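Take the sequences, apply the hints, and build the full model.
Given next are the chains, with one letter for each unit.
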Amino acid sequence: MSLKHPTGLISLVSQSNQSVICVTLNSIVLVQVVRLVCRYGLVCFHVSSGGYKCVCVCVCVCVCVCVCARARALFSAAGQKVRGGGMGGSRVVVASRTYADFTPQATFDIKKCDLHKLEEGPPLQAVLTREEGLQYYRTMQVMRRMELKADQLYKQKIIRGFCHLYDGQEACAVGIESGINRTDHLITAYRAHGYTLTRGGTVREIMAELTGRRGGIAKGKGGSMHMYAKHFYGGNGIVGAQVPLGAGVALACKYQGKNELCVCLYGDGAANQGQIFETYNMAALWKLPCIFICENNKYGMGTSVERAAASTDYYKRGDFIPGLRVDGMDILCVREATKFAAEHCRSGKGPILMELQTYRYHGHSMSDPGISYRTREEIQEVRSKSDPISLLKDRMISNNMASVEELKEIDVEVRKEIEDAAQFATTDPEPPLEDLCNHIFSNEPPMEVRGTNPWAKLKSIS
Amino acid sequence: RVTGLGLGPSSGNLVVVVVQLELVTVRDALNQAMDEELERDERVFLLGEEVAQYDGAYKVSRGLWKKYGDKRIIDTPISEMGFAGIAVGAAMAGLRPICEFMTFNFSMQAIDQVINSAAKTYYMSAGLQPVPIVFRGPNGASAGVAAQHSQCFAAWYSHCPGLKVLSPWSAEDAKGLLKSAIRDDNPVVVLENELMYGVAFELSDEAQSKDFVIPIGKAKIERPGNHVTLVAHSRMVGFCLDAAAVLAKEGVECEVINLRTIRPLDTDTIEASIMKTNHLISVEGGWPQFGVGAEICARIMEGPAFNYLDAPAIRVTGVDIPMPYAKILEDNSVPQIKDIIFSVKKTLNM
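Which chain is which? The protein sequence lines are V and E, in order.
Residue numbering for the first sequence is 1 to 462, as defined by full-length UniProt numbering.
Residue numbering for the second sequence is 1 to 350, as defined by full-length UniProt numbering.
These are computed hints drawn from the structure, not numbers from a lab.
Predicted model, so just to flag it, every value in this text is computed and none were measured.
Hints should not be assumed to be uniformly reliable.
Below, in silico cross-link-like pairs of lysine to any residue (SDA-like), each with a Cα-Cα straight-line distance of 25 Å or less [stated by the list, open to error]:
#, chain 1, residue 1, chain 2, residue 2
1, V, K457, E, C297
2, V, K287, E, W65
3, V, K316, V, N272
If you want a taste of the chain V side facing chain E, the calculated C-beta under 10 Å gives, among others [claimed, not checked]:
#, residue
4, F162
5, M225
6, Q256
7, Y280
8, D435
Even for Gly, the Cβ is constructed at its ideal location relative to N, Cα and C.
Structure, rendered in structure tokens:
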């Protein structure tokens, strides 16, 4: 529960039983006492009137003094988010917190990456600015809520067929994107909604593609696994096939001399595909600017990594290709590793391999409950200890880089954005039947396509 | 260059006719096509096994590496699935690759990339992602290479929407079709024939031009006739012409159609021909079941030309067995000229 003190100076965040007391100079009304642990770790007691006044006392004197010195009012109606007791309209003047009060940036220690055939790895510290943090938070939250909404729509049978959800892995997509340029290239497998978003797709057109409507990013012709955007080559349904494709994109980058690179993603299941090893060989031989990234979420469909791979050190499977193993739940870790890898490629050293250790909360796809091959406890443990969004949020809050309210506001905005998109996705009409045979060939004069019977002559335009 | 000398129509006049014809092998025609397109567009490049320093397993790419270098003529390791995928990815990112399979038998290793990554992508992306790529190489029976190296893939690739499938016969076909394929913004499979590589044909002036292209999807009537339509592609076109020459002596005039393109199939030309000759025989080197001839017959049945048939349309095909090695067995596994003649006579009730 968080309380927004009008001065904003005390933002109280807690995970469980909470209580807070704030004292201001104005007035004291005692009605309800709630015990909170404020973010300074201090025990406080919140006393609320159920009306418009309340009393807060912080045990820490210095904080109290600070607060009291600036406090001019109790709680603003707008800022009121008190559990168990709304605080009605406040007559008080709100002194809102200015950005100057937030820490503009902070340096965080990040986990060291395991290295393969590399002398040095990415830095052990990452600098995060407030703007970056808010942007990452927002994007990850959009991604999370978008996937959960897709889950909902699938269960309502509004989305059909395959739907592979990305929730839990947000730090990977957002971290990678923050480590490369928009002019770089990226290709991934079928768990692609997150990447479609980071590569420029809007939530509206992603959701409308899932629901198979004409406003979808591929006009409803592709579906969940076949979404494309500029410098984003999908969305690929055949496990492992995207890896040679990605190396081909990298070859084009090198050929065209634009100092661009290609990020080429695959999962722990795909890592055992032969064509990936063929690709490693050619990429290394020709020094293609390709970052191979294995998103290891510990399960290839229902098969755990131990049951599928003789070596689960996926970052070493490139053999002669240098590799690093990265904590994929920490967005800063992913970002720094990606920057490191990008630098490696751009300096002409050839390909590099990153293994991101991550986790998916959902099953393999919507037809997989995801609990026959793993325990609910395991999923819950990851959620509570390693959730990428929570990790970022905690970092920002505890370093005074954002307020709880601010992040909550973002959450509200995100929810609305997703709702709007879902609304669009469920009301936009399906593609017209006239579109059935279009887009067979590029740059081609209109042609005839045979329908289901000899008399059905359908029209196809580029 | 061949210079011709001719006698004029009226006696006493000697007319000297200089005809500029170039005798070019199919191999050289393909080489010229690639050379011209590499020169014309810097996004075009060739990759495959032995295409560079070895000058090509069948010498089709002879001299190209020397002229264009490592960047544009790339030797690959023996990794069909890998390098075909790399070629498709390069096409998606703006280049125009020519991906050579040493033979199309090896393309089976990579067929997923041809079909799922190349052919279907423009459709799945609703027009966002074109794939301008050419897959080429020798297809079908050779001489003494046995079962694993002799399969004809015309039917398999032509089954799939999103692909164009070409099957040249003559040097002119080879040059014009390959150039069209390279200039096409879509995935094109060019099925060459190893036994035709060394065969020389006359290349007209027009065909010698650097901008000579043959439109995809149009068949060519190689020999007009009135009594029976023979439809074939690749090496079998030559067999049909030879059979037609023999039959002409018996007063049977065959119309020989060279398909040139298998997908999209030029049904109009075939139908127009049947409306004239009333008899259809398709000739192919591949297996009968679900083959090119099967498709032609089905289309004729469904179209206006059916009513013009005086006899069932039939197919002359390779024998329905894996290709054997021994010469006598191999010779009897593919259509021979005598088989075509026999089928014509049966169809015409002679």
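Checking each numbered hint in turn, tell me which of them this model violates, lowest number first. Hint check: 4 fails alone, others pass.
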